[in-house]
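Chemist: Line order of the protein sequences matches chains A and B.
All residue numbers for the first sequence refer to our numbering, where the first residue is 21 and numbers rise by one.
All residue numbers for the second sequence refer to our numbering, where the first residue is 112 and numbers rise by one.
Simulated from the structure, these hints should not be mistaken for laboratory data.
Just so you know, even glycine gets a beta-carbon here, dropped at the ideal spot from N, CA and C.
Any given hint might turn out to be false.
[As the list claims (entries may be wrong)] Derived pair list, reagent style DSSO-like, types lysine-lysine, alpha-carbon separation capped at 30 Å: (1) B:Lys596 - A:Lys69; (2) B:Lys231 - B:Lys143; (3) B:Lys215 - B:Lys596; (4) A:Lys69 - B:Lys215; (5) B:Lys231 - B:Lys139; (6) B:Lys533 - B:Lys141.
[Claimed, not checked] Just a few of them, taken from the derived set where beta-carbon distance is under 10 Å, the chain A residues facing chain B: (7) Pro38; (8) Leu39; (9) Leu41; (10) Pro52; (11) Ala60; (12) Phe65; (13) Arg68; (14) Asp71; (15) Gly73.
Below, each chain spelled out in residue letters.
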Amino acid sequence: MPALLLQLIAESIPNLSPLGLDWWIILGGWLPGSLAVVAAFVVWFRSRKEDAGNE
Amino acid sequence: MSDQINLFYAAIVCVYMVTLGIIGWIGKNKVKSCADWYVGNFQIGGVIMGVAFFATYFSAVLMIGFAGNASQWGMSATVIGMWHAVAAFVAFAVLAPGLARMFKMLNAFTFSEFLALRFKSQALGTISSLITSVFIIPYTVAAFIAMAAALSLLVGLPFWLGVVVSGTIIALYVFSGGLFSVTIAEFLQGIVMTVAVIVVWIASYAMLGGVISAHETLASISTSTVTFPAMGSNLWATVIGLSAVMGFGALAQPQMILRYSTICNRMNLKRALLIAVLGSFIFPLAAYSYGPLSRAILLPLGYDVMTMNANFIIPTFINAAFPTWLVTLFLAGVLCAATSTIDSLVHMSAGTITRDLIRPFKVKMSDRSQLSLTKMISLVVTVVCCMFAIFQPGLIVTLSAYTWQVLASSFFGPIVGALFIKRSNKLGAISGMVAGFLVSQLWYLFLAPPVTPIYAFFPGVAASIIVTLVASLFAEPLDADFIAKLYP
């Protein structure tokens, strides 16, 4: 049953993302890289707010 | 026409060299003590240090060598680049706060000195500085070779003269201004090299009709250019291995540690975090993207990248596909990328040799004489590296090939122990360093790809961390007062 489910999922999702690249490239590289950038913005923005509050 | 272009390029190189000379002069006025030369007296701001971090991180090898390989590997190479941003985030968000605090508290000026003071072991400092010196010098030589090759291409200088010119100017500004000059120079270099790769990246997509159209063109050449390699294949091992080595391996490189441990305060650390992560995201993404895109652009021009030497693909691509102004901008970027890596390596090597290898054996050494000695050694290091770059002995080339893996394997355990394990001690740190070094060496010699798909980095780092933790249990912890000060 799980094997059948996985097969159904694999057949229903195309290999290529809307960007024209394999989903593994997007999920294995572009997503973690983008998350690091978002996290850096969050850390920087929060520290700015904290510093503004302390002044 | 060719002579005119060479003269034009020579003028640009002259302006660049004069700018570096001025930066050296500015730095000279700021350097009054060893603390100024080694760590900028812990006063360097976040924006400058953030740019200096990724300018040191990415060299001409990425812009030309790895990008050339990526043209043969396909867009899966962008995965390698994306993990650089994750590593930069870990460096500044996880490691930097603790390292910056401890560096200041211990008044450590080099990475080896930090280890010696944190674990109260001069032997640890000496062994780590020996490993650093032996492996960083070949890496510096490799960077000199890349820079001289770029100069020869740009101005038509003989290779040896390219080495001498670049060596002279780098020696002068590192000698004069230490970390002040190095980081200001890297700030400017980082901006130029980033603009260069971004413009080439955007122009490549534009030539192929946009992002999706470009990927469709690549897929029409071969579907492997837009898909991830099959698990267990050689390319799969390369992508996974390089993602880890070039990403997380950077965290334990002494020259990189010096970038994120010497920032002046918390707010500047957050600024540096943002800029370093952004730079570490966009720069490798651009380089690892224009590499594969060059395949689709070069094919109609009669070049098949799959039959070319990877090191010549990007120079051929830039020359064949772009106008003169863009060729000039790209070569200026290559020059900046090479210089920004070399200056940090010379600065770090000179500091390590003086402070960790010579000073412990000289009973009396004033701050002033130590500063003079360090500056002299920075000149000696540059001269030695230039000589090696001109004559290129085989051993040097071999050693530089796995510098990152060896340094990361040796130092990961002691860094993790120093920052996060209060119980870690001298025995653990020395054992972890030696175990990581030996395991990575043996793996590299006997089990590295293609024998197995696993890079020496993985077993080396694992051995370093595990042995540091386990061996620390077999010796007394450091005294409680000292530990309490380190972990407030």
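Chemist: All the hints need checking, so say for each whether the structure fits it.
Modeler: Results of checking the hints against the structure:
1. For the proposed pair lysine 596 (chain B) and lysine 69 (chain A), the alpha carbon gap of about 29 Å is at most 30 Å, so the pair holds.
2. For the suggested pair lysine 231 (chain B) and lysine 143 (chain B), the alpha carbons sit about 28 Å apart, so the restraint of at most 30 Å is met.
3. Between lysine 215 (chain B) and lysine 596 (chain B), the direct Cα distance comes to roughly 12 Å. Compliance with the 30 Å bound is thereby established for this hinted pair.
4. A threshold of 30 Å between alpha carbons decides the hint, and for lysine 69 (chain A) with lysine 215 (chain B) the separation of about 26 Å falls inside it, so the pair holds.
5. With a CA separation close to 33 Å, the supplied pair lysine 231 (chain B) and lysine 139 (chain B) exceeds the 30 Å bound.
6. Between lysine 533 (chain B) and lysine 141 (chain B), the direct Cα distance comes to roughly 37 Å. Violation of the 30 Å bound is thereby established for this hinted pair.
7. Because the closest C-beta pair between proline 38 (chain A) and chain B is about 8 Å apart, less than 10 Å, the hint holds.
8. With a cut of 10 Å, the hint placing leucine 39 (chain A) at the interface with chain B holds, because the nearest CB-to-CB distance is about 6 Å.
9. Here the hint on leucine 41 (chain A) is kept, as its CB sits about 5 Å from the closest CB of chain B, short of 10 Å.
10. Look at proline 52 (chain A): its Cβ gets to within about 5 Å of chain B, closer than 10 Å, so that hint holds up.
11. At its closest, the beta carbon of alanine 60 (chain A) sits 4 Å from a beta carbon of chain B; the interface hint therefore holds under the 10 Å criterion.
12. With a cut of 10 Å, the hint placing phenylalanine 65 (chain A) at the interface with chain B holds, because the nearest CB-to-CB distance is about 9 Å.
13. The interface hint given for arginine 68 (chain A) is met, as the beta carbon of that residue sits about 8 Å from the closest beta carbon of chain B, less than 10 Å.
14. Checking aspartate 71 (chain A) against chain B by beta carbon gives a least distance of about 6 Å; that is within 10 Å, so the hint holds.
15. Of the supplied interface hints, the one on glycine 73 (chain A) is violated, with its beta-carbon coming no nearer than about 13 Å to a beta-carbon of chain B, more than 10 Å.
Hint compliance for this structure: hints 5, 6 and 15 are not met, and every other hint is.
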